[in-house]
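Engineer: Working from the sequences, and respecting the hints, build out all of it.
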Amino acid sequence: MTTESFEVNKLFEKWIQDGNTKLDEKDLVIQLKSYLESQHPEICGKCTPCRDGVVKIEKLLDKYVDGTATLKTLTELEELTYNLRSSRCSVGLDIGKNMEVILENNYNVLYQPVKKY
Amino acid sequence: MASITINGTKVKVKNGTTILNAAASIGIKIPTLCFIEEINEIGFCRICVVEVEGEQDLVSSCNTPIKSGMVIETDSKKVIKSRENTLQLLAANHRFDCWRCPKDGSCEFYDILKEYDILFEEFGPGIARKDDLIYGTGISQDLSKCILCKRCVAVCNNVVTAKVLKFRDDDGMNPFVSPTVGLEFDQTGCIFCGQCVKVCPTGTLFETDHIQMVEDMLKDENKTVVVQIAPSIQASIGEEFGFDVGTSTVGKLYNSLRLLGFNEFTDTSLGEDLVILEESVELKNRIEEGKTLPLFTSSCPSAVRYAELYQPEYLENISTSKSPHILQGAVIKNYYAPKYLNKKPSEVFVVSVMPCTAKKYEISRPELEVDGVRDVDAVLTVRELAKMIKRKGINFKKLSDDLPGSNLIEFSKATNESKSCLNETESILGAYSNLIDKKDLETIKYKVTYGDTVKLSEGIIKEATVIIGSKKLNIAIVHGGAAMKEMYHRLNNGKKIYHFIEFMGCPGGCLNGGGMPIEVDLPMHEVIKRRTIAMYVQNNEELPLRKPHENEAVLKTYEEFLKSPFSEEMLKYCHTHFTRKEYRNE
Numbered sequence: 001m002t003t004e005s006f007e008v009n010k011l012f013e014k015w016i017q018d019g020n021t022k023l024d025e026k027d028l029v030i031q032l033k034s035y036l037e038s039q040h041p042e043i044c045g046k047c048t049p050c051r052d053g054v055v056k057i058e059k060l061l062d063k064y065v066d067g068t069a070t071l072k073t074l075t076e077l078e079e080l081t082y083n084l085r086s087s088r089c090s091v092g093l094d095i096g097k098n099m100e101v102i103l104e105n106n107y108n109v110l111y112q113p114v115k116k117y
Numbered sequence: 001m002a003s004i005t006i007n008g009t010k011v012k013v014k015n016g017t018t019i020l021n022a023a024a025s026i027g028i029k030i031p032t033l034c035f036i037e038e039i040n041e042i043g044f045c046r047i048c049v050v051e052v053e054g055e056q057d058l059v060s061s062c063n064t065p066i067k068s069g070m071v072i073e074t075d076s077k078k079v080i081k082s083r084e085n086t087l088q089l090l091a092a093n094h095r096f097d098c099w100r101c102p103k104d105g106s107c108e109f110y111d112i113l114k115e116y117d118i119l120f121e122e123f124g125p126g127i128a129r130k131d132d133l134i135y136g137t138g139i140s141q142d143l144s145k146c147i148l149c150k151r152c153v154a155v156c157n158n159v160v161t162a163k164v165l166k167f168r169d170d171d172g173m174n175p176f177v178s179p180t181v182g183l184e185f186d187q188t189g190c191i192f193c194g195q196c197v198k199v200c201p202t203g204t205l206f207e208t209d210h211i212q213m214v215e216d217m218l219k220d221e222n223k224t225v226v227v228q229i230a231p232s233i234q235a236s237i238g239e240e241f242g243f244d245v246g247t248s249t250v251g252k253l254y255n256s257l258r259l260l261g262f263n264e265f266t267d268t269s270l271g272e273d274l275v276i277l278e279e280s281v282e283l284k285n286r287i288e289e290g291k292t293l294p295l296f297t298s299s300c301p302s303a304v305r306y307a308e309l310y311q312p313e314y315l316e317n318i319s320t321s322k323s324p325h326i327l328q329g330a331v332i333k334n335y336y337a338p339k340y341l342n343k344k345p346s347e348v349f350v351v352s353v354m355p356c357t358a359k360k361y362e363i364s365r366p367e368l369e370v371d372g373v374r375d376v377d378a379v380l381t382v383r384e385l386a387k388m389i390k391r392k393g394i395n396f397k398k399l400s401d402d403l404p405g406s407n408l409i410e411f412s413k414a415t416n417e418s419k420s421c422l423n424e425t426e427s428i429l430g431a432y433s434n435l436i437d438k439k440d441l442e443t444i445k446y447k448v449t450y451g452d453t454v455k456l457s458e459g460i461i462k463e464a465t466v467i468i469g470s471k472k473l474n475i476a477i478v479h480g481g482a483a484m485k486e487m488y489h490r491l492n493n494g495k496k497i498y499h500f501i502e503f504m505g506c507p508g509g510c511l512n513g514g515g516m517p518i519e520v521d522l523p524m525h526e527v528i529k530r531r532t533i534a535m536y537v538q539n540n541e542e543l544p545l546r547k548p549h550e551n552e553a554v555l556k557t558y559e560e561f562l563k564s565p566f567s568e569e570m571l572k573y574c575h576t577h578f579t580r581k582e583y584r585n586e
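So the protein lines, in turn, are chains Z and E.
Letter by letter, the first sequence follows residues 1 to 117 in the numbering used here.
Letter by letter, the second sequence follows residues 1 to 586 in the numbering used here.
No lab work stands behind these hints: they were computed from the structure.
Some hints could be false.
[As the list claims (entries may be wrong)] Using 30 Å as the maximum straight-line C-alpha spacing, the simulated BS3-like pairs for lysine-lysine come out as follows:
| hint | chain 1 | residue 1 | chain 2 | residue 2 |
| --- | --- | --- | --- | --- |
| 1 | E | LYS114 | Z | LYS59 |
| 2 | E | LYS485 | Z | LYS63 |
| 3 | Z | LYS59 | E | LYS472 |
| 4 | E | LYS445 | E | LYS392 |
| 5 | E | LYS166 | E | LYS485 |
| 6 | E | LYS81 | Z | LYS63 |
| 7 | E | LYS14 | E | LYS343 |
| 8 | E | LYS223 | E | LYS114 |
| 9 | E | LYS81 | Z | LYS72 |
| 10 | E | LYS485 | Z | LYS59 |
| 11 | Z | LYS97 | E | LYS77 |
| 12 | Z | LYS33 | E | LYS78 |
| 13 | Z | LYS115 | E | LYS77 |
| 14 | Z | LYS97 | Z | LYS63 |
| 15 | E | LYS78 | Z | LYS97 |
| 16 | E | LYS343 | Z | LYS72 |
| 17 | Z | LYS72 | E | LYS77 |
| 18 | E | LYS78 | Z | LYS115 |
| 19 | E | LYS77 | Z | LYS63 |
[As the list claims (entries may be wrong)] Chain E is nowhere near these chain Z residues, computed Cβ spacing over 10 Å in every case:
| hint | residue |
| --- | --- |
| 20 | LYS33 |
| 21 | SER34 |
| 22 | VAL65 |
| 23 | GLY67 |
| 24 | GLU79 |
| 25 | VAL101 |
| 26 | ASN106 |
| 27 | GLN112 |
[Unchecked claim] So the derived label-pair ranges between C-beta atoms look like this:
| hint | chain 1 | residue 1 | chain 2 | residue 2 | range |
| --- | --- | --- | --- | --- | --- |
| 28 | Z | SER34 | E | LEU522 | 27 to 37 Å |
| 29 | Z | THR75 | E | GLU55 | 17 to 27 Å |
| 30 | Z | GLN112 | E | LEU522 | 48 to 58 Å |
| 31 | E | GLU37 | Z | GLN112 | 42 to 52 Å |
Just so you know, these numbers come straight off a predicted model, no measurement behind them.
Note that CB positions come from ideal geometry on N, CA and C, so glycine has one too.
Structural biologist: This is the structure we're talking about:
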C-alpha cells in the first residue's frame, strides 16, 4: 500500500471517529478526490455503479474545484454515492459507505457553494 | 422448498432458485441486461438489483439464490432509483445514433431506457467510452456502443469455445471488450458464427454491412442481380415484421424480393441437391478406395474455419465440394446466365440471403471463384433483408401469399416434393444408399451423446449406426462450438471409428444462425422448435427425404453442364480446397 493511500486512511479514521472535523470546501474536495484516485487500482471495471460511478463522482467534484457546481451537481453526487450500494463487491460498497459518511458529516460544506438563497 | 415473500406475496419455491426465477414464477419480471440463463449469470450490470430485508446493500437477483424467510422488494423506491442511476451511468458511455444502428429496433438497452424513462441531468447521453471500429469480413464491432455487459464474452467462451472476444482491462479504469488488440476479426481465431451478434443487447457487434453494395447493384442497369434464399429464411423472416415465431411466409418473401427489384430469385435447393450428390459420391469413393475417413460436411463455413484454425490435421477429411449457395452461385453464373439469359458470368451479380454471418466471411475466401469471377458477390442476413424491405417501403404483411413465377425458380425447382434440407446427413446418406443398394434409407435412430435434446441451444452430438450395403457406418451430427471441440477430442482419442460427420458451427443448426432475427422473449430452444415446425408447414414432415438423383433440375444440370459427379467441370466449378490458417488469440 502506498503512503499516499495510507494518509487517506488516516484521514478517514479521523472523519469517522470525529464527526465534527471541519474541513473547508477546497480541502474536502481535494482530499476526496485523492481518496477516490487511490481506489482506482482496486476497481476491477466489471460492475457499472463502481466502474462508471466513481469516475463520474470525480468529474462532479471537479465542478466544485472549477466553481461551476450547482444544486444539481450535489443531487447527482448524492445519488451516485447511494447507488454505490448496489455494487457487486466490497470495493464499490466500501467506497460508497465512506462517501456516505463524508456526505453526512460535511454536507453543509458541499451545500454552501451551491445554495440558491 | 423455501417460503419467501416477494412484494408482499408469499411464495413457495424450490431451494436454490435465484430471486429472478422466483419472481418470474409469480409473474414479476425483473429487468435484466447482462443476464443469459446458465451462460452469463454474473451480475455485472446491476440492473436486476432488488432490496432484501436485513441486507445493507442491494443484491443482484440474477445470481443470488433464495433463502428461507427472505423478504424481497423488487420495486421499492431505493431499487428504482438505483436502476435509474445505473442506467444513466451506462447511457453516459454509449453513443446514441439509434437511427442508423445495425440493431434496428431490437435493442434491449434502448427498450430498458425507455421503460425507466431515463432523464439526464449532469451527464448527457452520447459520449463513447472508446470509438474504435474493429472490422471483420463476417462480423464487425463498434466499441462506441459497448456497455460492457460481457454477454458476448460469455457466449464466445462457453457456447462457441473460440475465446476470441475478451474482457480487457489494462489500467483498471478503461475496460473494453474486443478480440486481440490491434487485429481485425479475420486475423484472430473468430469463426464468424455470429452468436455474439445475437446476444449483444446494443448494436456493438453487428454483421458486416452488404446492404449498400446490393442496393447499388440493384440500381445498376448493366448488372443482372440474382438472389438465392436459404430454406430457413422462409420460416423466420416473418418475425421481423410482427408475425409470431414459427410463421412460414414464403409467398410474401418471394413477392417482396420481386418488389425489391431483383431480376431473378430462387432458393438454394439446386445447390443443396448437387452438394448432396457430390458428397455421397465422395463418401462412396473414400470408403471404396480406403482414403481418409470420416468425411466431414463442408456446408457450414464456421465449421470449416474452425477446422482450418484449430484442427488443421483434419483438413483432408473435409468434403471438397463447395457449400450449397456458393456452388449454386457458380452454376448460375457459368451455366444458367450464358445459356438462358445471354449474359457473361461477370455481368451477373449473385446475392445470397442466409441465416448466417459466416457466409459473409465465406464469400471473401480467395479460392471461391471461377476464371476470376466470384461465385457469390454479396450475402445478406435475414435482418439485413428485412431492413431493405422496410427501407423500400414495402408493406410485407399485405403482400400476397402466392408464389410468383420466375424462370430461375422453374429452372432450379426440385421436381419431387421433399423435406427441406434441414437433414443434410440423412439426405446424403439416402443418396449414398441409393448409389450402393438402389434403395432408400430407413429412418435413422439417433443416440444423443453430448448435450441435451431439449436445450438445443447448448450444442449437441447425435450418433447413430446405419447399415448400407452390408457395411456398418458410424455417423455423427455435431452442432455448436462446444460440441465441435468435444467431437475433435473424441476423434483424437480414436476410440470409435466414424465414417461421416456433419459439423455445424451454431448450436441448434442454421435455425439458430447468427443472421436470424433476434428473439428476446422466448428461450432459444423454443424458438428453434417453432421455426422447425414452420419449415414443415411448407414441407410436411410426412414427405420423403430428398432424392436429388431423381430431381430433373439436377439431372438437366448434369446433362448440359456438369457431366457427372467428379467430372472435370465439376472439379472446376464445384470443388474447392482448404488451407491451414494462422491466428492470434490473446
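Engineer: Hints first: check each against the structure and report whether it holds.
Structural biologist: Status of each hint after checking the structure:
1. For the given pair, LYS114 (chain E) sits about 26 Å from LYS59 (chain Z) by alpha-carbon distance, which is consistent with the 30 Å threshold.
2. The hinted pair formed by LYS485 (chain E) and LYS63 (chain Z) fails the criterion: a straight-line CA distance of about 54 Å is larger than 30 Å.
3. Simply put, LYS59 (chain Z) and LYS472 (chain E) have alpha-carbon atoms about 71 Å apart, too far for the 30 Å limit, and the pair is violated.
4. Distance hint between LYS445 (chain E) and LYS392 (chain E) is unfulfilled; the C-alpha atoms sit about 47 Å from each other, more than 30 Å.
5. Restraint check for LYS166 (chain E) and LYS485 (chain E): satisfied, since their Cα atoms lie roughly 19 Å apart, inside the 30 Å limit.
6. This hinted pair checks out: LYS81 (chain E) and LYS63 (chain Z) have alpha carbons roughly 23 Å apart, not beyond 30 Å.
7. Restraint check: the Cα-Cα separation between LYS14 (chain E) and LYS343 (chain E) comes to about 68 Å, which exceeds 30 Å; the hinted pair is violated.
8. Pair hint LYS223 (chain E) plus LYS114 (chain E) does not hold up; C-alpha atoms about 44 Å apart against a cutoff of 30 Å.
9. With a C-alpha separation of about 16 Å, the suggested pairing of LYS81 (chain E) with LYS72 (chain Z) holds against the 30 Å cut-off.
10. Among the hinted pairs, LYS485 (chain E) with LYS59 (chain Z) is inconsistent with the structure: their alpha-carbon atoms are about 47 Å apart, more than 30 Å.
11. Of the pairs offered as hints, the one joining LYS97 (chain Z) and LYS77 (chain E) holds, with about 19 Å between alpha carbons and a cut-off of 30 Å not exceeded.
12. Restraint check: the Cα-Cα separation between LYS33 (chain Z) and LYS78 (chain E) comes to about 26 Å, which is no more than 30 Å; the hinted pair holds.
13. Distance hint between LYS115 (chain Z) and LYS77 (chain E) is fulfilled; the C-alpha atoms sit about 26 Å from each other, no more than 30 Å.
14. Proposed proximity of LYS97 (chain Z) and LYS63 (chain Z) is supported: the alpha carbons are some 22 Å apart, at most 30 Å.
15. A threshold of 30 Å between alpha carbons decides the hint, and for LYS78 (chain E) with LYS97 (chain Z) the separation of about 16 Å falls inside it, so the pair holds.
16. Between LYS343 (chain E) and LYS72 (chain Z) the CA atoms are separated by roughly 69 Å; this puts the pair beyond 30 Å, and the hint is violated.
17. Pair hint LYS72 (chain Z) plus LYS77 (chain E) holds up; C-alpha atoms about 20 Å apart against a cutoff of 30 Å.
18. With a CA separation close to 25 Å, the supplied pair LYS78 (chain E) and LYS115 (chain Z) stays within the 30 Å bound.
19. About 28 Å separates the Cα atoms of LYS77 (chain E) and LYS63 (chain Z), which keeps this hinted pair within 30 Å; it holds.
20. The Cβ of LYS33 (chain Z) sits about 14 Å from the closest Cβ of chain E, beyond the 10 Å cut-off, so the non-interface label holds.
21. At roughly 15 Å, the least C-beta separation between SER34 (chain Z) and chain E is larger than 10 Å, which holds for a residue marked as non-interface.
22. With a closest Cβ-Cβ approach of about 15 Å to chain E, VAL65 (chain Z) is found to remain outside the 10 Å limit, as its non-interface label requires.
23. Every CB of chain E is more than 10 Å from the CB of GLY67 (chain Z) (nearest about 15 Å), matching its label as outside the interface.
24. Residue placement check: GLU79 (chain Z) does not keep its beta carbon more than 10 Å from all beta carbons of chain E (closest about 5 Å).
25. No beta-carbon of chain E comes within 10 Å of the beta-carbon of VAL101 (chain Z); the shortest separation is about 14 Å.
26. For ASN106 (chain Z), the non-interface assignment is confirmed: its Cβ lies about 20 Å from the closest Cβ of chain E, beyond the 10 Å cut-off.
27. The beta carbon of GLN112 (chain Z) is kept farther than 10 Å from every beta carbon of chain E, the shortest such distance being approximately 19 Å.
28. In this structure the hint that SER34 (chain Z) and LEU522 (chain E) lie 27 to 37 Å apart at CB is violated, the actual value being about 51 Å.
29. Taking the beta carbon of each, THR75 (chain Z) and GLU55 (chain E) are about 25 Å apart, inside 17 to 27 Å as hinted.
30. Between GLN112 (chain Z) and LEU522 (chain E) the beta carbon distance is about 56 Å. The supplied range of 48 to 58 Å therefore holds.
31. At roughly 50 Å, the beta carbons of GLU37 (chain E) and GLN112 (chain Z) sit within the given window of 42 to 52 Å.
In summary, the structure is inconsistent with hints 2, 3, 4, 7, 8, 10, 16, 24 and 28 from the numbered list given earlier, while agreeing with the others.
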